[in-house]
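In this text, residue positions in the sequence shown follow full-length UniProt numbering: the first is 1, and each later residue adds one.
If you're looking for bench data, these hints aren't it; they were derived computationally from the structure. Keep in mind the model is a prediction, meaning the values are calculated, not measured. Note that the Cβ used here is the ideal one computed from N, Cα and C, for glycine as well. Possibly wrong hints are sitting among the right ones.
To be verified - Dumping the calculated EDC-like pairs for lysine to aspartate or glutamate here, alpha-carbon to alpha-carbon at most 20 angstroms:
1. K572 - D500
2. K580 - D497
3. K580 - E564
4. K572 - E521
5. K570 - E534
6. K431 - D455
7. K68 - D51
8. K303 - D267
9. K453 - E406
10. K279 - E252
11. K431 - D401
12. K431 - E383
13. K453 - E521
14. K28 - E90
15. K223 - E196
16. K183 - D267
17. K453 - E425
As the list claims (entries may be wrong) - Distance windows between CB atoms, simulated:
18. Y122 - V493: 36 to 46 angstroms
19. S482 - P220: 21 to 31 angstroms
20. T170 - S67: 24 to 34 angstroms
21. T117 - E50: 18 to 28 angstroms
22. L71 - T27: 18 to 28 angstroms
23. E508 - G356: 51 to 61 angstroms
24. E95 - S424: 50 to 60 angstroms
25. Y122 - P232: 44 to 54 angstroms
26. T117 - T27: 51 to 61 angstroms
27. L114 - H87: 15 to 25 angstroms
28. G430 - T117: 27 to 37 angstroms
29. Q362 - K270: 53 to 63 angstroms
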Amino acid sequence: RFCGSNLKFKSSIISTGSRMLLTFTTTKEPVSYRGFAANYEAVCGGELIEDSGHLESPNFPDEYLPSKECLWRITVPENYQVALTFHSFEIENHENCVYDFLEIRDGPGANSSLLGTFCGYYPPAPIVSSGNQLWVRFVSDGSVQKAGFSASFLKELDECATRKHDCEHTCRNTIGSYQCGCKFGFELHSNGKECEDACGGIIEETNGTLTSPSFPNLYPSNKHCAWEIVAPPQTRITLNFTHFDLEGNNQECDYDSVEVYSKLGQDELKRHGSFCGSKPPPMITSEGNSIRVVFTSDNSVQKSGFALVFFTDKDECSTNNGGCAHICRNTVGSYMCICHNGFTLHENGHDCKEGGCKFEIQTPPSGEIQSPNYPEPYPGKKECVWILRTTEGHRVKVVFDEFEVEPQQDCSYDALLVFDGPTSESALLGKFCGSKIPHPLVASTNNLLLLFKSDGSVHRRGFHGRHATVCGGLLFATESDSFVYSHAGYGDVVYADGEDCEWVIEGEGEDPIELQFLTFEIEDENDCAFDFVEVFNGDGDTSSSTPLGKYCGNRLPPPIRSEEGSVIVKFKSDDTVTSKGFSAVYRSLPEPRTLNKPSKN
1 RFCGSNLKFK
11 SSIISTGSRM
21 LLTFTTTKEP
31 VSYRGFAANY
41 EAVCGGELIE
51 DSGHLESPNF
61 PDEYLPSKEC
71 LWRITVPENY
81 QVALTFHSFE
91 IENHENCVYD
101 FLEIRDGPGA
111 NSSLLGTFCG
121 YYPPAPIVSS
131 GNQLWVRFVS
141 DGSVQKAGFS
151 ASFLKELDEC
161 ATRKHDCEHT
171 CRNTIGSYQC
181 GCKFGFELHS
191 NGKECEDACG
201 GIIEETNGTL
211 TSPSFPNLYP
221 SNKHCAWEIV
231 APPQTRITLN
241 FTHFDLEGNN
251 QECDYDSVEV
261 YSKLGQDELK
271 RHGSFCGSKP
281 PPMITSEGNS
291 IRVVFTSDNS
301 VQKSGFALVF
311 FTDKDECSTN
321 NGGCAHICRN
331 TVGSYMCICH
341 NGFTLHENGH
351 DCKEGGCKFE
361 IQTPPSGEIQ
371 SPNYPEPYPG
381 KKECVWILRT
391 TEGHRVKVVF
401 DEFEVEPQQD
411 CSYDALLVFD
421 GPTSESALLG
431 KFCGSKIPHP
441 LVASTNNLLL
451 LFKSDGSVHR
461 RGFHGRHATV
471 CGGLLFATES
481 DSFVYSHAGY
491 GDVVYADGED
501 CEWVIEGEGE
511 DPIELQFLTF
521 EIEDENDCAF
531 DFVEVFNGDG
541 DTSSSTPLGK
551 YCGNRLPPPI
561 RSEEGSVIVK
571 FKSDDTVTSK
581 GFSAVYRSLP
591 EPRTLNKPSK
601 N
């Protein structure tokens with residue numbers, strides 16, 4: 001409040017918020033004073049002494065101004081902390097935030113402890129001070145401007161630190177509140193604070209049984225049960241499910257499920273799988289002496305649940321690798337020694353000796369492929385052959401994840417050669433050495449050959465990769481019967497979701513192709529909009545080819561005959577229901593030839 005003729009303040013007056021009210025009052029008596037004059041401008045920053053409030057960059061939500069520096073000091077009542085939450089954030093980005101930035105310090109000023117310097121386009125996580133003050137500084141340079149930031153603050157009380165939370169087990173502080181939790185084997189009561197015995201718990205017996213809640217009756221809804229079985233050191237635990245009936249189809253376990261984990265360390269878990277449906281999981285053996293079983297049900301369908309028996313077994317491999325020269329694999333009641341690729345097991349069952357190095361591999365299933373003695377250096381003067389085969393109408397694919405072979409410009413010392421076919425006379429797909437990982441290799445047919453050679457000098461770590469199958473490709477029809485299948489695992493497993501396969505079948509010349517389905521079981525739908533098989537004339541783009549038919553369901557399509565010397569077969573599946581698939585036979589149909597009669601002389 002000011003009057004008189006002497007200025008009672010040396011510096012500018014700055015409001016604590018975005019508004020300032022000035023009131024000028026005069027008496028009714030005549031006066032002859034000149035009054036006052038002042039300049040005003042909008043400035044950023046300020047002293048914010050409130051329980052809660054809002055701050056934002058200058059001109060927000062429009063672009064902030066160049067060459068600005070704004071300072072805010074936020075103060076809340078004693079014994080509280082300042083919690084700052086960002087709602088919008090867009091500040092010129094730089095790896096070290098040297099252009100435009102927001103600086104936040106834990107205290108009243110520029111010398112307080114730095115909590116962070118921020119820029120970019122991702123809002124910082126909520127920030128909580130250790131005391132009742134927070135210092136905020138915004139700086140922009142003279143070039144790029146962005147939309148800036150918007151944030152709110154409030155006084156925050158750490159209820160967990162003050163013991164005013166009434167949580168029985170654990171307390172986790174949240175901004176403006178807190179959350180209670182329970183130790184393993186307990187679950188939170190409906191009051192949100194107390195803990196009660198949960199289904200599950202810690203089991204330290206060497207053998208026993210586990211069942212879902214209420215088994216063999218229907219399990220209740222909204223349950224979460226966790227059992228942890230702990231065996232003595234140097235032993236492993238095996239689970240054998242004797243009954244299994246959960247909501248779901250064993251592919252997408254989004255509703256009810258049983259999850260199994262090996263516990264490898266204090267906070268390290270390895271997941272064996274998530275299971276549902278009516279098919280029992282396979283027998284599962286832990287990788288250490290502890291295994292965790294987690295059962296979850298939602299609020300809808302209930303089933304009879306599960307029952308399992310568990311037992312422990314000594315892990316002979318945990319001591320001195322079981323006496324095995326290479327790999328020791330524990331089995332129930334015993335163990336077995338395994339040799340690296342390129343070696344065979346000695347008669348004593350423990351040592352490994354160099355053996356033959358020719359491998360014939362059928363895929364699927366997919367699997368690994370590696371150089372002799374991998375991951376140790378490969379031996380010298382070695383020649384190894386891998387012949388990979390898959391189902392007709394599918395192609396072999398090899399993807400490497402590690403490659404280290406003696407380098408040389410022409411790969412004339414040590415090398416891996418890959419051939420597009422079953423022999424080394426087939427077309428060469430590539431010759432590889434050095435440490436650069438080869439690109440994925442795909443055969444044009446259902447055969448692929450790999451040939452690895454090493455000389456007698458430098459030996460490296462070698463290579464490791466995986467082989468799998470790719471559907472589709474170019475097929476050649478003759479007068480003899482040939483076959484094509486929906487997926488490489490036809491007859492053993494259902495086709496996968498997300499399949500997108502295209503086969504081009506070419507005949508001899510212009511002779512038509514006949515395609516006849518032997519089995520057919522594709523997800524059914526009126527318009528075949530989900531999974532389907534579609535057949536076209538020709539060998540080009542299907543958009544310009546004549547369609548011969550589109551099929552789904554369980555009914556065999558009629559025999560199909562092309563109008564020219566090639567046909568296209570497309571198979572697609574969506575990401576939901578899968579089924580058995582199809583098998584078909586194809587052949588070339590020679591057209592009758594007209595013979596010209598010899599002329600009479």
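The hints, checked one at a time:
no. : hint                            : verdict
1   : K572 - D500                     : holds, 5 angstroms
2   : K580 - D497                     : holds, 12 angstroms
3   : K580 - E564                     : violated, 30 angstroms
4   : K572 - E521                     : holds, 13 angstroms
5   : K570 - E534                     : holds, 5 angstroms
6   : K431 - D455                     : holds, 15 angstroms
7   : K68 - D51                       : violated, 27 angstroms
8   : K303 - D267                     : violated, 32 angstroms
9   : K453 - E406                     : holds, 11 angstroms
10  : K279 - E252                     : holds, 13 angstroms
11  : K431 - D401                     : holds, 17 angstroms
12  : K431 - E383                     : holds, 14 angstroms
13  : K453 - E521                     : violated, 46 angstroms
14  : K28 - E90                       : violated, 54 angstroms
15  : K223 - E196                     : holds, 13 angstroms
16  : K183 - D267                     : holds, 14 angstroms
17  : K453 - E425                     : holds, 16 angstroms
18  : Y122 - V493: 36 to 46 angstroms : holds, 43 angstroms
19  : S482 - P220: 21 to 31 angstroms : violated, 56 angstroms
20  : T170 - S67: 24 to 34 angstroms  : violated, 49 angstroms
21  : T117 - E50: 18 to 28 angstroms  : holds, 25 angstroms
22  : L71 - T27: 18 to 28 angstroms   : violated, 40 angstroms
23  : E508 - G356: 51 to 61 angstroms : violated, 40 angstroms
24  : E95 - S424: 50 to 60 angstroms  : holds, 51 angstroms
25  : Y122 - P232: 44 to 54 angstroms : holds, 48 angstroms
26  : T117 - T27: 51 to 61 angstroms  : holds, 55 angstroms
27  : L114 - H87: 15 to 25 angstroms  : holds, 23 angstroms
28  : G430 - T117: 27 to 37 angstroms : violated, 49 angstroms
29  : Q362 - K270: 53 to 63 angstroms : violated, 29 angstroms
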